[in-house]
Each structure stands twice: as structure tokens, then as C-alpha cells.
Amino acid sequence: MGEAAKTVIFEIERRNSTDENSYWEKFELAYRPNMNVISALMEIRRNPVNIEGKTTTPVTWDMNCLEEVCGACSMVINGKARQSCTALVDQLEQPIRLQPMKTFPVVRDLIVDRSRMFDSLKKVKAWVPIDGTHDLGEGPRMPERKRQWAYELSKCMTCGVCLEACPNVNDKSDFIGPAPLSQVRLMNAHPTGAMNRDERLNAIMGEGGLGGCGNSQNCVESCPKGIPLTASIAALNRDTTVQMFRNFFGSDHNV
Amino acid sequence: MRRLHSLLGIIPIGLFLTQHLIVNHFATQGVEAFNTASHFMASLPFVIFLEIFVIYLPLMYHAFYGLYIAFTSKNNVGHYSYMRNTLFVAQRYTGIFLVIFIAWHVFETRFQVAIGNAAEADFNMMANILDNPAMLVFYILGVLAATFHLANGLWSFLVTWGITQSEKAQKYSTYFTLLVFVVLSIIGIRALFAFV
Numbered sequence: 001m002g003e004a005a006k007t008v009i010f011e012i013e014r015r016n017s018t019d020e021n022s023y024w025e026k027f028e029l030a031y032r033p034n035m036n037v038i039s040a041l042m043e044i045r046r047n048p049v050n051i052e053g054k055t056t057t058p059v060t061w062d063m064n065c066l067e068e069v070c071g072a073c074s075m076v077i078n079g080k081a082r083q084s085c086t087a088l089v090d091q092l093e094q095p096i097r098l099q100p101m102k103t104f105p106v107v108r109d110l111i112v113d114r115s116r117m118f119d120s121l122k123k124v125k126a127w128v129p130i131d132g133t134h135d136l137g138e139g140p141r142m143p144e145r146k147r148q149w150a151y152e153l154s155k156c157m158t159c160g161v162c163l164e165a166c167p168n169v170n171d172k173s174d175f176i177g178p179a180p181l182s183q184v185r186l187m188n189a190h191p192t193g194a195m196n197r198d199e200r201l202n203a204i205m206g207e208g209g210l211g212g213c214g215n216s217q218n219c220v221e222s223c224p225k226g227i228p229l230t231a232s233i234a235a236l237n238r239d240t241t242v243q244m245f246r247n248f249f250g251s252d253h254n255v
Numbered sequence: 001m002r003r004l005h006s007l008l009g010i011i012p013i014g015l016f017l018t019q020h021l022i023v024n025h026f027a028t029q030g031v032e033a034f035n036t037a038s039h040f041m042a043s044l045p046f047v048i049f050l051e052i053f054v055i056y057l058p059l060m061y062h063a064f065y066g067l068y069i070a071f072t073s074k075n076n077v078g079h080y081s082y083m084r085n086t087l088f089v090a091q092r093y094t095g096i097f098l099v100i101f102i103a104w105h106v107f108e109t110r111f112q113v114a115i116g117n118a119a120e121a122d123f124n125m126m127a128n129i130l131d132n133p134a135m136l137v138f139y140i141l142g143v144l145a146a147t148f149h150l151a152n153g154l155w156s157f158l159v160t161w162g163i164t165q166s167e168k169a170q171k172y173s174t175y176f177t178l179l180v181f182v183v184l185s186i187i188g189i190r191a192l193f194a195f196v
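Residue numbers (my numbering), protein chains in the order written: chain A, 1 to 255; chain B, 1 to 196.
Bound conformation, chain B alone (with noise of 0.2 Å):
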């Protein structure tokens, strides 16, 4: 079940975070170049087979049985102040705000694609969304926790399937990782800038 939980926290939810953000890079190079890249993904053959096993049940596995995980925790980071034990908090966290971004982001751009009330996802709909600086915070705050969850989450993924052993194996995760975050973290800012 937690390994289950581990290895779909990465393939295909990290695999698709990190090619949903590099899709949304697209911005940065214009309205047409987003709109293009975006049209591109809509219209994958077989795409809603395609959303439901690859994005929507993995991504609900992950997340209900996340919240489970999160709440059955007692987190003691007042006592026990390491390093990764701060990040095995914010892993918990980062995770529940994730079920609250996620959840508003896919009702106000895929669902209501779905319901008929926009044409498409394209630059525009972001560009309306992110106008209001709350939701402008509220998607900086939503990629900075996505791309966290994910970089760590990937670190404890190398453990949960016993990949990182050593103690030096987990230390240059770490720093790998680390990496991952700033990388992504910076595509997915740019591309939230490039709509406003």
C-alpha cells in the first residue's frame, strides 16, 4: 500500500507534474506558442483514457491515502528539530494543501472544459485566473508545495524501495533532489509570471 502509494507519487504524478509545468513554460514564449502546446495536449488521441489512468485515479490513490498517512502521524518537530524531520512535516503539509490547490485548480480549469463553460484550458483562462493577486499567490504557493512534495517525495522514494542506502547514498539524494526542486520550481514560477 505505502509502496504503492510511493512509486505513484512519482510515475506518473511526478512525470506529469513535470510535463505539466514544462507545457505551462510554453507561456513565457507567447499567447500562440501556449495555446499551441496546450491545444496539442487536449487533443492526444484517447486523452480522457489517458487523464483517468494516467492522472485522475493515481492521483486520487495518492491522495486519499495521503491524507490517511498525514493524519495518523504525530508530528514532534517542537522536540526533535532535524533536518528531516522538518521536511517529513512539510511533506505532510505540503501535501494536504496540495489536495486543497489540486482540487480547486482542476474545478476551475479541466471541469469546467468538461462542463461546456470554456472552449478550451488555453491562455486566456489562465491569464482571467491569475489576474486576481490572491489566486496569483495562492498558484506560487500551489507550484512551490508541488514541486517540494514531488523533489522530496522522490528522496523517500529512493529509500521506500531501497535504492539510497547509505548514509552517503542519502545525502547526494538530498543534494539531487534539492536540485530538482529549484529547477522545476523555477520553470513552473515562469510560467505562472508569463500569464499576468
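Okay, chain A solo, but in the shape it has when bound (with noise of 0.2 Å):
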């Protein structure tokens, strides 16, 4: 079978702005070998015309680090969220299909707005407070077997990927999904942020925290760094129970 014969048939789910319907446009590409969905996309961008030979708009999406990193190319693939950046076309069953990830608002064809993962970790208060008018001298130590295990929690980057799958993210309940909660496990696992660490766990105590969580473990199948987000939420579990206990029957300081 001659190379040069072969083509890639894309189908895009489509939309002008957040507020309009979507509709799907097939496009259909000339294979090269080790393409992966966003060179596929630059090459709609280059050339927007669609399968049935009229010129388009071209298909607008998000990217940034080109190598699963900053999380900004997930959408959905084939009915499963991930990064397109790492989305080989040899290994995708064909016609490929892209969708946003509509948990998120869709802004135009495939980018989506993720500002309320952001508001999330503000909510959760997912840092380290150091600030201050003096130096505050070093931290205490941390085990380095435990900061090996901690940076694996680290290596979230916001991507989405997880709130998409969740069956329990949506327009209906307020939870703020896996992602957000795991960072509250890794501050508080940070030597100088377990100082602080009743207020994070008071703050996902509370509405769209992890009683939002329904134990579907998608986010843990799905996360493309593979993150333990089902071993942080019930460890967070356990950590909010004794927080409970001690909100209520603990004595009169908190950390």
C-alpha cells in the first residue's frame, strides 16, 4: 500500500463561542508517519478546508509545551479526555474524533476555559505561606523517601483531564474534583505547609469538597501523570475525619 495514498479522517466538534451550538465538520488529511493529533491540527490550520472541499474557519485550540507538561491541549479523543500532544495517530482508531472537554465552558471549537480549576486551589489554599516582612530561616527537614513520594503529587498540571471524567463534575453539584483536592494532600504533606494544615482541610470540608466524591475512580484511570487521586482523596478521607473530631471535641488550639 503506497504511503502517499493514505489520509487521516478527523471529526471536530465545533462551536463559534461559549453560547452557540456545536456541530461537527470532518476533515480529511494526507498521513505522514508519527503524526500526532496537533500536528494534524496545524495542518487544518494551514490548509481549513473540510472534507467536502469548502474552506473553512480553521479549528481553534490551546497548546503550549508540546510534551504532556503543562496540560493545556487536553480535550477529548475518541470519548476520552487526554493531551493531544501525546495523541499518536497510528495508535487511534479512525475517523478521529475531538470534542472540548465540555465539563469545562467551551470558549471556541477545542479550547475550553479551566479558570475554575484555578479558583479551586485558591478555594483549597494550595501553598506554602512564607510571606512575611523578615526571613524566616529554613523549614524543618523533610525525609527524602518522603519527598520522592510527594513529588509524584506534584506533578499535577491542572490539565482537566480528571474533572472530565469524573462522573460526579458537572453543571449539577458543586465539587471541585480530584485534581484540587490532591494538591491539598501534597501542601499538607510539605513540612512548613502542615502548619497551615487544618485550614486547608476545613476548606474541603465543606460544599463542592470531597463529600462531592462518589469513589468512581475515573480520575485515578484517567490521570495522565498518574497521580494516586483516589489514594489522596480517601487519605484525605481519614485526615478530615480526625479534623472533624477535633473541630468538635478538640481542645482550644488547631494545629
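If you're looking for bench data, these hints aren't it; they were derived computationally from the structure. Check each hint, because a few of them may be wrong.
What the hints assert, rightly or not - DSSO-like mimics (lysine-lysine), calculated; alpha carbons at most 27 Å apart, straight line:
hint: 1; chain 1: A; residue 1: 26; chain 2: A; residue 2: 6
hint: 2; chain 1: A; residue 1: 155; chain 2: A; residue 2: 123
hint: 3; chain 1: A; residue 1: 225; chain 2: B; residue 2: 74
hint: 4; chain 1: A; residue 1: 80; chain 2: B; residue 2: 171
hint: 5; chain 1: B; residue 1: 168; chain 2: A; residue 2: 146
hint: 6; chain 1: A; residue 1: 146; chain 2: B; residue 2: 171
hint: 7; chain 1: A; residue 1: 80; chain 2: A; residue 2: 102
hint: 8; chain 1: A; residue 1: 6; chain 2: A; residue 2: 80
hint: 9; chain 1: A; residue 1: 172; chain 2: B; residue 2: 74
hint: 10; chain 1: B; residue 1: 168; chain 2: A; residue 2: 155
hint: 11; chain 1: B; residue 1: 74; chain 2: A; residue 2: 123
hint: 12; chain 1: A; residue 1: 146; chain 2: A; residue 2: 122
hint: 13; chain 1: A; residue 1: 146; chain 2: A; residue 2: 123
hint: 14; chain 1: A; residue 1: 146; chain 2: A; residue 2: 125
hint: 15; chain 1: A; residue 1: 172; chain 2: A; residue 2: 125
hint: 16; chain 1: A; residue 1: 80; chain 2: B; residue 2: 74
hint: 17; chain 1: A; residue 1: 125; chain 2: A; residue 2: 155
hint: 18; chain 1: A; residue 1: 102; chain 2: A; residue 2: 155
hint: 19; chain 1: A; residue 1: 26; chain 2: A; residue 2: 102
hint: 20; chain 1: A; residue 1: 146; chain 2: A; residue 2: 26
hint: 21; chain 1: A; residue 1: 80; chain 2: A; residue 2: 172
hint: 22; chain 1: A; residue 1: 122; chain 2: B; residue 2: 168
hint: 23; chain 1: B; residue 1: 74; chain 2: A; residue 2: 6
hint: 24; chain 1: A; residue 1: 225; chain 2: B; residue 2: 168
hint: 25; chain 1: B; residue 1: 171; chain 2: A; residue 2: 225
hint: 26; chain 1: B; residue 1: 168; chain 2: A; residue 2: 102
Only a predicted model underlies this, so the values are computations on that prediction, with no experimental measurement involved.
Put the complex together from the two separate chains, hints included.
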């Protein structure tokens, strides 16, 4: 079979703006070896002609690092949310269907607005507060083995795939999703971060917090970084159980 | 809220279901044995308070809050057909089915006794109900849905309260709850067929 004759068909769910209805558009591209979804989208941008031969608007999408580190190019490919930079055409069933992650507000075509995740990180205080007017010196030491373990949690790139895969993150619920929860565990594991652990735990004990999890475990199956999200959620469940008793029966100090 | 829902599903509802199925199992030892056991349960002191605080109130909270949970999820087993996600959806469907089944089951048995249409929920009452093959199927589905919902709920209870954290612990608790499902189902189904 001649390589030159081979083509790749894409079906893309498009829309012009957040409020408009979506429509499907097909594209047929010449196959090139080692193609990925992004290089195909670049090809469409270069020559925005659909399968019927009509010139159309170029498909818009988000991308940045191109090596599965930034999380910007996440989209739903053949039904599953993942990064388009590491979605190799050779490994995908055709026609390749591209859809935006509709758990988030769709800006245009495949671009979504993930700002709810960043708002959630603010809500759960996913940082270590060290700012002050004078040098606080060094913090407590962290065991090396614990650092190695915590590094895995720190790989989260806020890509949104776990929120898209989670059946409990949708417009009927205010569940913040697995990614920001796991960041609470990361920050609480940090020796300096642990000094404010109760604030983060209390933040996830209310509306939209841990209670929204239904244990479908799609997040851990979908996470492109292999973060143990469900272990994080279960560990936080234990921590918040203890925190709940502390809040009620505990003494008058918080940490 | 969600934690309370999870806790109430096990204590007291899960315990009650286990107790209920075991008492029903007396039916396999004959009419007399079942009637004695059933009469003993019905004549416990303060039975109405036991029923209200151990069964009706927790069950109603679990049912209504459970319906809210079931209808706020967007099921996606089509695209994400992992085992846990399938069980997640099954938990919601069995939950909805159980609300219907239990409402009907209580109406047909306990409520009839309460309004005086029947003297006591005895062997004959159940035998009459299960005489109808459609009802027998409905009851078999009800028992299986209940035992599945309890077993799978036990698994997620262990996660929700932070008891099983590691992947390994959650895997072993899956085996354990599978065993719970099988054992309770056998007890429940054997009891049902004893009435036929």
C-alpha cells in the first residue's frame, strides 16, 4: 500500500462561541508518519478545507509545551479526555473524533476555560504561606523518601482530564474535583505547609469538597501523570475525619 | 451530609438488612420456625421506637439524600468503562430501584399490619405474595439489589471514612465486600424460595 495514498479522517465538534450550539465538521488529511493530533490540527490550520472541499474557519485549540507537561492541550479524543500532544495518530482508531472537555465552559472549538480549577486551588489554599516582613530562616527538614513520594503528587498540571472523567463534576454539582483535592494532600505533606493543614482540611470539608466524591475512580484511571488521586482522596477522608473530631471535641488550639 | 449518608447506610440500615435476611432465613426451617422468629421480632419491647429510629428515619434520610446524589451525577460508563465506574453506576441504579422496591415491600407487609388488614407479618402473608411469579422475580431483584448496594456501599464506606487508603487495601476490601454480597445473596434468595 502506497504511503502517499493514505489519509487520516478527523471529526471535530466545533462551535463559534460559548453560547452557540456545536456542529461537527470532518477533515481529511494526508497521512504522515508519526503524526499526532496537534500536528494534524496544525495541518488543518494551514489549509482549512473540510472533507467536502469547502474552505472553513481554522479549528482553534490550546497548546503550549507539546510534551505533556503543561496540560493546556487537553481535549476529548475518541471519547476519552487526554492531551492531544501525546495522542499519536497511529495509535488511534479512525475517524478520530475530537471534542472539547465540556465539563468546562467552551470558549471556541476545542478551547475550554479551566479557570474553575485555579479558583479551586485558591479556595483550598494550595500553597505554603511563607511571605512576611523578615527572613524566617530554613523550614523543617523533609525525609528524602517522603520528598520522592510527594514529587509524584506535584506532577499535577491542572490539565482538567480528571474533572472531565469524573461523573460527579458537572453543572448540577459544585464538586471541585480530584485535582485540587490531591494538592491539599501535597501541601499538607510539606513540613512547612503542614503548619496550616487545618485550614486546608476545613476548606475541603464544606460544600464542593470531599463529600462530592462518589468513588467511581475514573480520575485515577484517566490521570496522564499517574497521580494516585483516589489514594489521596481516601487519605484526605481519614484526615478530615480526624479534623472533624478535633473541631468538635478538640482543645482550643488548631494545629 | 455525605458522610452521614454513608454511615447510616451501614449502621443501622446495613445491619438491619443483614438481620432481616437472617430472620427470613428461618423460613427454610419451616412455617413454625419463621413465625416464631417473626413474632419475636414483632414483639420486641418498644418495637415502634426501634423501627422509627433504627429503620424508618435513617432509611428515609438515606433514600432521599441518595436520590439527590444519584441524580446529580453524569454517568459516563460508555466512554470510561472501568470496573469501579461500572459499580458506581450500578450503585446508583440499584439505589433508585431499592427506593421503589422497599416502598412497595413495606406497604405490602408492615403497613398492612399497621392498618389492621393483617394480624401479623407471618409465613402465609409472604407465601401469598410470592405465589405470583412476577412478584417473586420482583423480590429476587429486590434482594439482589439490596445485597449488592450494601456490599458495594460497604466498600465505599471504608473509603469515605478513610479506613482503606492504599490501592492494596481497597483491592482486598473489594474481595471482602464481594464475599459479603455472595453470602447475603444466598441467605436472601434461599429465604425467598422457602416461601414458594
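Taking the hints in turn, this is what the structure says about them:
A hinted pair counts as satisfied when its Cα atoms are at most 27 Å apart, and residue 26/A with residue 6/A qualifies at roughly 16 Å. Between residue 155/A and residue 123/A the CA atoms are separated by roughly 20 Å; this keeps the pair inside 27 Å, and the hint holds. Between residue 225/A and residue 74/B the alpha-carbon distance is near 24 Å, which keeps this suggested pair within the 27 Å criterion. Between residue 80/A and residue 171/B the alpha-carbon distance is near 25 Å, which keeps this suggested pair within the 27 Å criterion.
With a CA separation close to 19 Å, the supplied pair residue 168/B and residue 146/A stays within the 27 Å bound. Our distance criterion of 27 Å between C-alpha atoms is met by residue 146/A and residue 171/B, whose separation comes to about 24 Å. With a C-alpha separation of about 12 Å, the suggested pair residue 80/A and residue 102/A falls inside the 27 Å cut-off, and the hint holds. Taking the CA atoms of residue 6/A and residue 80/A, the gap is near 25 Å; set against the 27 Å cutoff, the hint holds.
This hinted pair checks out: residue 172/A and residue 74/B have alpha carbons roughly 9 Å apart, not beyond 27 Å. Using a Cα cut-off of 27 Å, the hinted pair residue 168/B and residue 155/A holds, with the two alpha carbons roughly 22 Å apart. About 24 Å separates the Cα atoms of residue 74/B and residue 123/A, which keeps this hinted pair within 27 Å; it holds. As the CA atoms of residue 146/A and residue 122/A are separated by approximately 25 Å, the hinted pair is consistent with the 27 Å bound.
Under the criterion of a C-alpha separation no larger than 27 Å, the hint pairing residue 146/A with residue 123/A is consistent with the structure, at around 26 Å. Annotation: proposed proximity of residue 146/A to residue 125/A holds, straight-line Cα distance about 21 Å (limit 27 Å). Restraint check for residue 172/A and residue 125/A: satisfied, since their Cα atoms lie roughly 24 Å apart, inside the 27 Å limit. Between residue 80/A and residue 74/B, the direct Cα distance comes to roughly 15 Å. Compliance with the 27 Å bound is thereby established for this hinted pair.
Restraint check: the Cα-Cα separation between residue 125/A and residue 155/A comes to about 18 Å, which is no more than 27 Å; the hinted pair holds. The hinted pair formed by residue 102/A and residue 155/A meets the criterion: a straight-line CA distance of about 24 Å does not exceed 27 Å. This hinted pair checks out: residue 26/A and residue 102/A have alpha carbons roughly 20 Å apart, not beyond 27 Å. A threshold of 27 Å between alpha carbons decides the hint, and for residue 146/A with residue 26/A the separation of about 49 Å lies outside it, so the pair is violated.
Annotation: proposed proximity of residue 80/A to residue 172/A holds, straight-line Cα distance about 21 Å (limit 27 Å). For the given pair, residue 122/A sits about 32 Å from residue 168/B by alpha-carbon distance, which is inconsistent with the 27 Å threshold. With a CA separation close to 38 Å, the supplied pair residue 74/B and residue 6/A exceeds the 27 Å bound. This hinted pair checks out: residue 225/A and residue 168/B have alpha carbons roughly 20 Å apart, not beyond 27 Å.
A distance of roughly 21 Å separates the Cα atoms of residue 171/B and residue 225/A; the hinted pair therefore holds under the 27 Å criterion. With a C-alpha separation of about 33 Å, the suggested pairing of residue 168/B with residue 102/A is violated against the 27 Å cut-off.
Hints 20, 22, 23, 26, counting from the list given before, are not met by this structure.
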